[in-house]
Amino acid sequence: MKKKVLSLILASAMVISLAACGSSSNDSSAATAPDTSSTETTTAADTTSTDTASTDTAADTATEEEAAPASELTDGKFAETRHITVEVYDRGNDNGSDPTNNMYTEFIKKGMMDQHNVEVEFVAVPRWTEVDDINNLLAAGDAPDICVTYSYPTVLSYAQMGGIIDLKDYVEEYKADTQNLWNWLGDTNMLWDKDPKTGSLWAIEGKRAEQERIVTFVRQDWLDTLGLKTPTTRQEFEDMLIAFRDNADTLLGKDASKMVPFSVSKDIGWRTANLLASFLDPNISDREFYINGFDDRLVTQTSTKEAVRLLNKWYNDGLIRKDFAIYDDDTAEDDMIKSGYVGAFMHNWDMPFRNGEDSYNSNLRRLVGENAKFVAIDPFENAAGKHAKFLYSSAGDRKIFFPTTNDEVLASFLYLDFISDPATIKYLQAGDEGVTHEVLDSGAIQIIAAEGDAIQNSGKNIDYTITCNGTYFGDTALADLSRAYGYADQDPELVSQADKISLTDGIAPINVNVGEISAEAGVGDTLSSKRDQIYDNAVVAPVADFDSTWDSFMDDYLSSGGQDIMDERAAKWEEYFGDADMLP
Amino acid sequence: MSEVKAKSRGNKEVVTKKPFNMSYIRRYWQLYALLVLPVVYLIMFKYVPMWYVLIAFKKYSIVQKIWEMPWAKNHGFEYFIKAFKTPDFRTSLKNTIWLNLLDLVVGFPVPIIFALILNELRFKFFKKTVQTIAYMPHFLSWVIIYGLAIQVFAPTTGLINILVQNLGFEPIPFLNEGHHWVRTYIGLGIWQSFGWNSIIYLAAIAGISPELYEAASVDGAGRFSKMWHITLPGIKPTIIVLLIMALGNIIGSGFDRPFALQNNLVMKNAEVIATYVYKAGIKGSQFSLTTAVGLFQSVVGVIFLLLANWLARKFGERGLW
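Which chain is which? The protein sequence lines are R and S, in order. Take the first sequence: its position 237, counted from the start at 1, is 237 in my numbering, and no numbers get skipped. Numbers in my numbering are just positions in the second sequence, counted from 1, shifted up by 1000.
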């Protein structure tokens, strides 16, 4: 009997220890992942130590090259075939093409081989976990020669660890060989991230060809049904939402309970951006905007609290989607919008037109009726009566950097040059005539739905045109003409209207380059998550508790590093610009 | 484990009489050969990485070797001090302990009670069916469970709250208010695991000699007194072992359960060490800081384990070792 019990205990202990292993490996996936990644660093460190050596030698040969330029290239070609690897996002689209092997990658590979004798290999990195994945690849020493990310803090933290090549000398040295790159990006984007003191340049900023950012959309057919005119002020917008709420029976019939007058997601700062911007003082000084401007969703700007107070009122009046904060992704909201339960929302300027036949407007046309559609409106005026809204700056898109494991710096630059060639951009964006686009009588390029290898996994193939985001077609005039035709299965007039509104009274963000703010390192993600907590909690708080909720979450934000950033920014501003209110 | 058993069963005298020598290895080389792979696995994946726990005391660099990295300030304890100064770490430490304590107090007895109830069922088919259904949630990932939870518990669109609202009451904020969220978290945890965890107890119950029950019946014991005086004492060693393990885990926690269930509205109650380490360490690249946190977590966990084991032995139980 005793033996039996004992063996049972042993057996159960084993089961538990197995189970415990299972669960502990779960949390150690968080806790020890840095360890494992650094385990791999042993090998990484090995290779990189030789690599630093090789960069040294590269620098040596570089100095030699200055003496005898073009020793490595003849007619832009290497004597021997070089090999580089290039990061490409894998978006995991249903029915997409293979991101590392399709019509466009073939074009690039062939072009690079013919022009420069460089063999290109693409490395797929999942789009939605890109920062984590690049972390792992860098730590393992397996990072692609040309890396790209949206997150400059990530670049900076790896630069500080010595994992990234300083491009400051290379950009000048290879300037003659990379004319397309310099022509396209200009000094602005090439040197955007140059440290004003040390001159270090860790990354090159890809350029946004389109600066359109966020627009408000409304169901035109609902306005028509209720006999409302298009709202042009904040008050009219609110009245419209109330009308939607009160007429749910008319608008949705038996689905009246599903009515959502104004839809948002947990990313309030993005999804109400134009409203927040309209509360901003039109005469705000560059200084104040910069000091309070670490958060790209304006949370620390002084005017934002009042804007959110309005949202809080709307929420408590039943004008804003309930439950928005508990959903992790946007699929539930997408479904609501496509099914026609949503009256208005704010999002990327081309949101209702994206994804061809699966776009919001195409779904509405199919599921709700011929007239059902979202149109762009511009209802948020600021104190000066302008409909001010933020644009994208020409930089601030993808950052391109070379890890120290890259021993083909010149070949990598030639790749960036090739990718920035107007002809290359045109082909990557437009593809072949008859397959991915048609040329209209006006000369405009109309994108059509493609199949198989020719499918673009990202809009305008931005995953390949890493130096260019947005319609360009190698020619600004052609791009302007074609922008409205860039969306398969969409009414060009609606696109053109949204385009126009998104640029009306647009504010281009300022670039204050005062070098690195050390308080910003490593806290970006934590603070963004706290920012979302401030917004979400403040919006759903009871009206009476709004102030206390906002203040307590804001205190938490500030004490978690937000205040340090402001202080350091204030100090740096004074160091570089004295007591000036505006940038020189 | 089977090798160990085979060894000890077959050749007791050899083990006790002769100390370790080559002829022994030669004689049982097959067993050693079988052992090589698991040992290599353990060393490679469990012990070599442990070396890198040192980065908790060093200024981490992605390109340097571990011994090349400079020591952190304050005799290497810079990151421990920093962690304890970080409000987020303190919140997540508090939440971790609180959630685990609740899990222990509320969740620990459930599989025992469930096993006792199942054991009393006489109708085999019904018993097996209930058992199988109770196991099922164990095989669902937490992401899926959260998807289900949203359908059922969402504040305005969840099944339960639609019902509650139609009855004319205020919706219950299962997922969007801190204290309710904690209840939902604990409840879902119990629902997911009680069936599976009861297996061990059922096995222990099956090991109790039927003679004891027969003798008790003859003496006129009823169901409850048999349960109280035979079944529970019979599975007591198992309960103790599991309790010690659970106490050792009081400051640790799975990652996927809190991570999948948390949302922006409840973060003050929902951030635990595992998710904090993930966010600050992996996403924020603060490897040294979060390794320090992880190390702290493990050390405290071991202390709890030792303490529980010592207590168990003190009260005359077998303990883990």
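No wet-lab data here; the hints were simulated from the structure. Keep in mind that the hints are not guaranteed to be accurate.
[Stated by the list, open to error] Here are the simulated DMTMM-like cross-link-like pairs (lysine to aspartate or glutamate), alpha carbons at most 20 Å apart as the crow flies:
#1 R:K175 to R:E72
#2 R:K313 to R:D246
#3 R:K322 to S:E1177
#4 S:K1283 to R:D246
#5 S:K1085 to R:D564
#6 S:K1279 to R:D142
#7 R:K313 to R:D328
#8 S:K1082 to R:D246
#9 S:K1268 to R:D555
#10 S:K1283 to R:E520
Quick caveat, the model's predicted, so the values are computed rather than measured.
Verification of the supplied hints:
Distance restraint check for K175 of chain R and E72 of chain R: the Cα-Cα separation of roughly 14 Å lies within the 20 Å cut-off, and the hinted pair is therefore satisfied. A threshold of 20 Å between alpha carbons decides the hint, and for K313 of chain R with D246 of chain R the separation of about 16 Å falls inside it, so the pair holds. At roughly 14 Å between alpha-carbon atoms, K322 of chain R and E1177 of chain S fall within 20 Å of each other, so this suggested pair holds. Note on K1283 of chain S and D246 of chain R: the hinted pairing is violated, with a Cα-Cα distance of about 44 Å set against a maximum of 20 Å.
Note on K1085 of chain S and D564 of chain R: the hinted pairing holds, with a Cα-Cα distance of about 14 Å set against a maximum of 20 Å. Restraint check for K1279 of chain S and D142 of chain R: not satisfied, since their Cα atoms lie roughly 23 Å apart, outside the 20 Å limit. Proposed proximity of K313 of chain R and D328 of chain R is contradicted: the alpha carbons are some 24 Å apart, above 20 Å. This hinted pair does not check out: K1082 of chain S and D246 of chain R have alpha carbons roughly 53 Å apart, beyond 20 Å.
Distance check on the hinted pair: K1268 of chain S and D555 of chain R sit about 13 Å apart at the alpha-carbon level, within 20 Å; holds. Under the criterion of a C-alpha separation no larger than 20 Å, the hint pairing K1283 of chain S with E520 of chain R is consistent with the structure, at around 14 Å.
Violated hints, listed in ascending order, are 4, 6, 7 and 8; each of the other numbered hints is respected by the structure.
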